[in-house]
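**Student:** Full structure from sequences and hints, please.
Residue numbering for the sequence shown follows the working numbering, starting at 433 and increasing by one per position.
These aren't lab readings, by the way, just hints derived from the structure by calculation.
Beta carbons are placed, not taken as given, at the ideal position from N, Cα and C, and that holds for glycine.
Certain hints may be false.
Claimed, not checked - Once the Cα atoms are required to be at most 27 Å apart in a straight line, the calculated BS3-like pairs of lysine-lysine come out as:
no.	residue 1	residue 2
1	LYS688	LYS600
2	LYS600	LYS527
3	LYS688	LYS527
As the list claims (entries may be wrong) - Label-pair ranges, simulated between beta-carbon atoms:
no.	residue 1	residue 2	range
4	GLU507	LEU722	21 to 29 Å
5	ARG778	HIS721	36 to 44 Å
6	GLU525	GLU695	19 to 27 Å
7	GLU525	ARG742	44 to 52 Å
8	GLU765	ILE435	44 to 52 Å
9	PRO764	LEU475	34 to 42 Å
10	ASP692	THR622	27 to 35 Å
11	GLU619	TRP499	44 to 52 Å
12	LEU545	ALA446	18 to 26 Å
13	PRO436	ALA771	32 to 40 Å
14	PRO764	ARG449	24 to 32 Å
15	GLY715	PRO436	54 to 62 Å
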Amino acid sequence: MSIPWDRLLAERAARIRPSLLVDFDRLPASDDLILFSGGAPPLECLPTDRIAEALAETWRAEPEALWYGESQGYEPLRAAIAERMRRRGVAVEPKDVIITNGSQQGIDLIARLLLEPGDRVVVEAPTYFGALQVFEPFDARISTVPVDECGMVIEALERELASAPRPKLIYTVPTFQNPTAVTLDPERRTALVALAERYGVPIVEDDPYGELWFDRPPPPPLRALHPDVLYLGTFSKTLAPGLRVGWLVAPRRLMKLLVDAKEGADIQADRLLQRALTRVLEGDWFERHLEAARANYRERCTLLLRCLERELAGLAAWTAPGGGFFVWVTLPEGVDTDALLVECARHGVAYIPGSAFYPDRTPRPSFRLGFTTLSPAELEEGMARLGRAIRAAVRPSLA
433 MSIPWDRLLA ERAARIRPSL LVDFDRLPAS DDLILFSGGA PPLECLPTDR IAEALAETWR
493 AEPEALWYGE SQGYEPLRAA IAERMRRRGV AVEPKDVIIT NGSQQGIDLI ARLLLEPGDR
553 VVVEAPTYFG ALQVFEPFDA RISTVPVDEC GMVIEALERE LASAPRPKLI YTVPTFQNPT
613 AVTLDPERRT ALVALAERYG VPIVEDDPYG ELWFDRPPPP PLRALHPDVL YLGTFSKTLA
673 PGLRVGWLVA PRRLMKLLVD AKEGADIQAD RLLQRALTRV LEGDWFERHL EAARANYRER
733 CTLLLRCLER ELAGLAAWTA PGGGFFVWVT LPEGVDTDAL LVECARHGVA YIPGSAFYPD
793 RTPRPSFRLG FTTLSPAELE EGMARLGRAI RAAVRPSLA
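**Tutor:** Listed below in structure tokens is the structure:
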């Protein structure tokens with residue numbers, strides 16, 4: 433029997449955005465390709481011992497952790513998350529929290545609940561690639577708002593909100609944004625929330641990096657300014673991405689619908705892990721872990737910025753993050769960083785081109801560098817290779 437799969441595919445299948453990793457498979461072969469594509473904690477910083485201890489403790493003391501649980505999530509974990517958020521200025525109770533399989537699932541649950549085909553969604557330009565992967569199969573019309581050094585440009589956002597048809601959602605990563613690493617300043621946060629309330633458009637705040645600041649904490653989350661903000665958090669960046677444990681804070685009017693959608697999607701998040709993570713969050717261990725992670729990432733980011741100055745001064749501009757995992761680099765107008773990536777791979781180095789972070793996927797002169805997954809030696813060598821490749825490819829075109 434031969435199944436005609438191409439004929440059977442739903443229309444939405446054509447709108448599924450391919451993984452970022454697919455393009456790397458098409459690059460020139462290299463035995464020692466240095467990838468600046470990573471957006472995760474480095475392997476040596478993963479708290480394997482503490483997580484193993486917590487899992488063993490849970491396994492011995494709570495065998496019921498292997499049984500079915502609440503679709504909304506383990507209540508003591510929701511309480512621990514709510515307490516952490518209260519310390520950041522957000523009034524949250526455990527009943528306001530849903531445990532998700534990573535914050536990515538939270539985006540999907542919100543889209544399932546709120547989006548109809550053709551609805552407009554406003555995102556930053558550039559924006560998180562994974563959000564586009566969710567919104568596009570729902571046949572959402574993506575409208576973009578530019579980002580500058582202070583975050584989303586509010587005047588441009590108001591123009592989008594005032595235009596017809598009115599958007600259904602505003603999706604934003606306001607703190608150490610992926611991919612630019614910029615942070616929305618306090619004045620713009622207030623203006624954003626006020627605009628959303630005036631036009632009746634909900635905000636989806638994606639906050640994976642908010643606790644990973646370098647020298648000083650960022651402004652409080654948008655959720656601290658209004659209880660109708662849908663807030664997404666995750667342990668993927670602060671602990672380990674393989675755990676796939678995140679959370680969604682939602683208005684109570686939506687909670688039952690979101691929990692029902694969660695049950696229909698996967699019944700529940702991993703119950704054993706939820707209970708183990710509750711143990712991990714007890715006491716001061718997690719705070720000490722965060723302090724060490726911040727210092728580690730600050731050192732790596734400082735080194736990357738120093739290398740950029742050495743290799744690309746006068747040829748590129750870049751962001752100077754106050755936290756998070758990334759630096760956004762912009763070359764002169766007209767440079768195609770999709771095409772340039774192939775040349776860089778020949779030099780043994782690769783990055784994520786800017787086109788990946790825009791709905792139209794048009795080549796841009798920008799690209800994203802991730803610094804957390806590379807050792808200092810790899811950062812130094814990778815930037816030396818990147819500098820040679822870019823100088824060789826870009827300077828002749830500017831002559």
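**Student:** Regarding the pair LYS688 and LYS600, is the alpha-carbon distance no greater than 27 Å?
**Tutor:** This hinted pair holds, its Cα atoms lying about 20 Å apart.
**Student:** Quick one: are PRO764 and ARG449 within 24 to 32 Å, going by C-beta?
**Tutor:** 28 Å, holds
**Student:** Note whether the CB distance of GLU507 and LEU722 lies within 21 to 29 Å or breaks it.
**Tutor:** 24 Å, holds
**Student:** Do the beta carbons of GLU525 and GLU695 sit within 19 to 27 Å of each other?
**Tutor:** Cβ of GLU525 to Cβ of GLU695: about 21 Å, so the range 19 to 27 Å holds.
**Student:** If you draw a straight line from the CA of LYS600 to the CA of LYS527, is it 27 Å or shorter?
**Tutor:** 25 Å, holds
**Student:** Using the C-beta atoms of PRO436 and ALA771, is the stated range 32 to 40 Å upheld?
**Tutor:** For ALA771 against PRO436, whose Cβ atoms are near 36 Å apart, the range 32 to 40 Å holds.
**Student:** Quick check on a hinted range of 36 to 44 Å for ARG778 and HIS721, using CB atoms only.
**Tutor:** Because 39 Å falls inside the window, the suggested range holds.
**Student:** Honestly, do PRO764 and LEU475 meet the 34 to 42 Å range at C-beta?
**Tutor:** 36 Å, holds
**Student:** Just tell me: holds or violated, for the beta carbon distance of GLU619 and TRP499 against 44 to 52 Å?
**Tutor:** Since the Cβ atoms of GLU619 and TRP499 sit about 49 Å apart, the hinted range of 44 to 52 Å holds.
**Student:** Quick check: does the Cβ-Cβ distance between LEU545 and ALA446 fall within 18 to 26 Å?
**Tutor:** 23 Å, holds
**Student:** Using the C-beta atoms of GLU765 and ILE435, is the stated range 44 to 52 Å upheld?
**Tutor:** Holds, at about 48 Å.
**Student:** If I claimed the Cβ atoms of GLU525 and ARG742 lie 44 to 52 Å apart, would that claim hold in this structure?
**Tutor:** 50 Å, holds
Of the numbered hints listed earlier, not one is contradicted by the structure.
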